[in-house]
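Chain residues, written in single-letter form:
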Amino acid sequence: MLKYGYGGKILRVDLTHRCFRVEVLDPSWIRPVIGGRAANSKRLFQELNPECDPLGPNNILIFGVGPLTGSLLPASAYYTVSAKSPLTGILGDSAAGGQFAAEMKQTGFDQIIITGKADSLLYLWLTESGVEFVDCPELKGKNIIDTSAAIRKSREDWAVQVAAIGPAGENLVLFSTIVSSGNRVNGRTGMGAVMGSKNLKALAVRGARSIDVADPLAFLDQTRKIEKDILKHNEYKKRYQLGTTMLMKDLNGIGILPTRHFQEGVCDYVDDISGQELAGRYKVKNKACFNCNLHCSRYYIAGAYEAEGPEFETLCSFTSRIGCRSLDFALEINFYLNQMGLDSISTSEVIGWLMECQEKGLLKASDLDGMSITWGEVDKIRELIDMIVFRRGIGDMLAEGATRFSSGFSEEAQKLVMQGKGLDMICGDPRGIKAYGLTYAVASRGADHLRAEPYFELTDRKEEAKKRFGTEKAADRLSEEGKAELVTYSEKIALLTDCLTMCKNIGLCMDILDFKKIAGLLKAGTGLDYPPEYLEKITTDAIDLDHKLNIRFGAKKEDDTLPERFQKEPLPSGPTKGSTVDIKKMVNEYYKLHGWD
Amino acid sequence: MIQVDISKCTGCRRCEVACAFFRTGRVNNHMSRIKVLQLYEEGIDGPVVCAQCQERYCMCCPEDALTLGPLGQIICSPTVCTLCGACEIACPIGAVEIFNDLVYVCDLCGGNPKCVEACTEGAITFEGKEKERPSLSDIKEETRRMKPGLKRKHYIHKNGQKLRAEWRKERA
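Respectively, the protein sequence lines represent chains Y and W. Counting with my numbering, you get residues 1 to 597 for the letters of the first sequence. Counting with my numbering, you get residues 1 to 172 for the letters of the second sequence.
Hints listed in this document are in silico derivations from the structure and should not be mistaken for laboratory results. Hints are supplied without guarantee of correctness; some may be wrong.
[Said to hold, decoys possible] What follows is a list of derived Cβ distance ranges for each label pair:
| no. | chain 1 | residue 1 | chain 2 | residue 2 | range |
| --- | --- | --- | --- | --- | --- |
| 1 | W | K131 | Y | S154 | 46 to 54 Å |
| 2 | W | M146 | Y | K228 | 49 to 57 Å |
| 3 | W | R145 | Y | V22 | 34 to 42 Å |
| 4 | W | R145 | Y | D135 | 56 to 64 Å |
| 5 | W | Q3 | Y | S479 | 30 to 38 Å |
[What the hints assert, rightly or not] Derived coverage of chain Y by chain W (criterion: at least 3 residues anywhere in the stretch with Cβ under 8 Å from a Cβ of chain W; other residues may be distant):
| no. | segment |
| --- | --- |
| 6 | 12-18 |
| 7 | 67-77 |
| 8 | 145-159 |
| 9 | 280-286 |
| 10 | 445-458 |
All residues carry an ideal CB built from backbone N, CA and C; glycine is no exception.
Okay, chain W solo, but in the shape it has when bound (with noise of 0.2 Å):
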């Protein structure tokens, strides 16, 4: 799975600019599975990718569209899809969103992350291996009925604080 340090991130998109631009050929933040938020107010950055979580939320699906590959990463088959949209309500951090009739979620390039090769600072990361997943138990309860972008900014929010209290300490 990628693994985001939001204290590394400089808000620059590089990852989802690599994204869209190698899946597609095009620029476009809409059909990037890697999307990053900036929150001016507090100096927060962060991209929210599939976070590969414990509960599987978006595996709700009712056509079974979605399948999970081999690095635990989530495929969608366009085919089979009916754009129903029960992935992107499931999903508690807005890393599934349905855009120009396609479900975009990060299925990890196959094992080769552009997104990570673009990252010149570190912020997100991928070994191939498989890694204790996180639980989003607490955040899917936080972030019910919102919008995708919304529970994105939820998410790097929660995420934020804690990086603020100790950039607060370290610069008392």
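The shape of chain Y in the complex, shown without the other chains (with noise of 0.2 Å):
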């Protein structure tokens, strides 16, 4: 029996016969995978028809956290959901933070395990004893925040957290999300659709147990050296003010900023759409996700519209990436998208492929409804997001992604879909950054950085990249030697993070942990042993493990690559001109170290 870090039991959900089990966890069982999203991989692993219908009853839908989320440790405050994507049809996941994991952490449960598909719309309100389960007719078609403060308000508690979909999700948008405390976004892989093919609105729990650590002065001791490390870190000032946004200026100036639609790495207009716009001229207040001293987060009113965020990667997605100038519109889709429930990556995808296809002739205005879009047309672009969220009129295949609506057309258009199996492509232009081209090829959910998170390659420490991966050419954002080994470290790190469920930002981004100290966490955290020579094992058999079960769902080796734009097509002009992508090379090294075929 697990007493210290870990709940210790796991919940399974049957929505069909709306019946629920209590399970002791097994310490044999998780002790390899820790928790959070390996966890959750290896339930899909062991339980899930790799052929099911991801929208469908048999699809499992998994709510992870880890050993220590919600203890002492500042941002463990991230939960995983994880399903059969039906974006991509491989693993889907995604991580969110905010408050929802540390509540849902009291509750006792390690893992929830949902299957089959409730016969009408129902919420789950989760607390240590189990689920109820709850009809909510009255909460169908409602946006994410008025859901959750209809739940909290029924329950009179405004402790409750609440995990819910909004109208897309529940109109089965393939890259509908999840949204909890207001604003925090399970963003990628369409987990908001599983849900919702489930008829489930949302989850909303409530727990008293504590969150116990087997020697809890070790553990105070070895966090607060982790506060100290956040707080006297060279980037906290920036990252304090700004959050993520702070890479709008930061990726313009090297050159990599995503700017129609990938054509270009350089925006002229960066700096009305900055973060250092943002927060001169609309942020009020710094947020923060649970037990974190970093506050990295923002809440900002614009007008009518107010909301916390947004984060670099739909504030790219809605300037830049699609051409537009006007950062007031940036914060009203923000505030839009996190309350119907769509994905500003994806979203912006569509758009983007969109706007270059009839700029380029590929597309005409009949094949969408008679409509013809160009970059930066905001009033088109809200119209847009309108009928993909109601799956009204094109808007309906729209839907289903820019990958699979591409493929009614013909050839070149597909090739300009900037995605990897099926994902749509993060904001950072590969051809300048090598070693996150290289992660979005292998990412075991699809163009993805968050695997790995290879920011080591953007801090310039040569001595250090010669040390760990044995080529100062790591620290070369340019080059690609060195990346793969750069890659296949820093992936064991980001899986660690995810199973200790903390923030990638401070794990990885600001390099504030390592095994050592990892392996010390979790001793102290969970009373179990986990040296680092162990750790270094596990995460490798937990990333074979993701593979594995990729190639069940088909995922081939080939598909481990990036568009041809950025193989072939060289960065027009900026400090990355003229740039490449040799993404053969790297994921050909990448295989060798891991021993694949």
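Using the hints, put the two standalone chains together into the complex.
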């Protein structure tokens, strides 16, 4: 029986029969995967039929937390939602911070495994004793903040945390999201649609169990050191003021800010849409995830729109990436997407792709219900988003995502979708950040940076690069050398932060965690032994398992690549001018390091 | 007394975590004597903790289990307390609450409050000196018969309105 760190129980919920079962978490099952994302993947590997319809009752939707979630560890605030992705057909998962995970942890359930499909819309009321199935026809079509407020009000308790879907999830838009704490989003891979397909509007949690650690004094000592590392970090001040929106100017400065759908890497009006501008004009205060001392999130008021955020990805997605100059517009869309439950990156990709295809004459207005759209046309963008959320007109097809929608068009048009394994690419042009390029190509959930977040290549630490990865080139963003080694290392730390359910900005970008520190935290937290060598081994195994899971879903080595643009078209201007990515070489090296065929 | 400035609160709950941890060795928001509310709809976050009100509503304890400490803090004797709940009902802002047979109310950690130490934002501060104590008589009327969780929501929401007006003015 697990006494410390872990809640020690898992909860199985069958929506079809409206029943649940509590199981004891087997220590020998959980120890090799720690918790969080790796535990979710293992569960899917063991229990999911890979052939299942992602939007059918047999798909398994898992909410997972880790042994240190909701503890003294700063920013131990994340939970991961996993399932087979309806957008990509492979492994889908997405994590979110805020307050939901800490409250879920207080229920004592480390994993909530949801199967089946409810016969009518309901939400789950989750406490330490299990779940209650609450019918909620009145919440149908409600936006996310109203849903969360209605549930908290009915429970007369504002400590209740709610993770809900919006209209987009109910309408099974394949890139719809789950949102908790008002604006904390499980954005990627369409987890909202999986929830919608199960007729599950929300999970509302309120737990009363304590989070105990094995050695409170040692744990306190270690977490205090981490707090100090955060406070004295050279990026602390900037991150405190701007959060991830600092990347607008930073990426533009090195010529990799996606502009007009990755046609350029420099945006000439970046000053109008930067994080600095946002903070100066609209920010009213800092916000933070559970127990974090970085407080990098922000609350803004912009006219009629106010919300938490936006993070860099959303800000870039609705400014430079689709040629929009208006910061006000991006703030409006951030609010709207979070309320409707739509992933900003995938939404931006659909729109940006349409714009580029129409510009190049690959797509006619008649292909788009008579609509022609070009860069920065905010009224049309608004209309398109609305059509997608409610699957109206052409929006019904666009709601399937850019990759699927493009399949009805020419090969040339299909090649312009910036995706990997069906997942729309994040904002950051891989031609100027090669380790990120490799990460997008090999990431087990599709084109995404968070699987490894090799921020190290941007930190110019040549000596450290030589020491860690055998070549100074690993710290040179334009070089392809040493990047397979860098990614192989940082994907392990990334996985561990997902298992501790800590924030990646802190764990990885700020380079706060390493194997030794994680080993210490896990030992003091859980009382179980996790020596650094063991962590190396189990993270390697967990990454292998994701790979095997994707092979079962039908993914092939050829799918681990980047869109042709990044391999053949050099960036036209700026500090990354002339660069392309030799992705094949890096992927081969990466496969070799992993011992994969 | 502990002074709260909700304009600086980010909703991180470090105060809440520290309170429970240093008093019990565990983390559990029910066991914190300071509780943070996040009102997502309006962007307001704020901790609720004993305000050391002029009225001292909680001192209505029929068993005299509550006494005043030298810093004006409330000290509850668990051996005298019969868990009748009178203090919880009396407190207008939900700063006194019973959980698992114990009364949770801020006793200032005896003069060195751990929540204040944990706050990096200056949203809660503590000076040993006696300050003019606030009156909660208005709130008392408004939160009658509410559960503690709802009282806290009402209190933070109310305090938040002034702040929101300032934000609006500043960002107009």
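Structure-based check of all given hints:
1. Checked against the given bound of 46 to 54 Å, the beta carbons of K131(W) and S154(Y), roughly 38 Å apart, lie outside it.
2. Evaluation of the 49 to 57 Å hint for M146(W) and K228(Y) yields a failure: the beta carbon distance comes to about 41 Å.
3. Taken as a hint, the range 34 to 42 Å holds for the pair R145(W) and V22(Y), whose Cβ atoms sit roughly 35 Å apart.
4. The given range of 56 to 64 Å is broken by R145(W) and D135(Y), whose C-beta atoms sit roughly 28 Å from each other.
5. The supplied range of 30 to 38 Å is broken by Q3(W) and S479(Y), whose beta-carbon atoms lie about 54 Å from each other.
6. Under a criterion of three residues with beta carbons nearer than 8 Å to beta carbons of chain W, the stated coverage of the segment 12-18 of chain Y fails, only 0 such residues being counted.
7. Three residues within the 8 Å Cβ limit are the bar, and the segment 67-77 of chain Y against chain W gives 3, so the coverage statement holds.
8. Only residues whose beta carbon comes within less than 8 Å of a beta carbon in chain W count, and the segment 145-159 of chain Y has 7; three or more means the coverage holds.
9. With 5 residues having a Cβ less than 8 Å from any Cβ of chain W, the segment 280-286 of chain Y passes the three-residue criterion, so the hint holds.
10. Coverage of the segment 445-458 of chain Y by chain W is violated in this model, with 0 residues showing a Cβ closer than 8 Å to a Cβ of that chain against a need of three.
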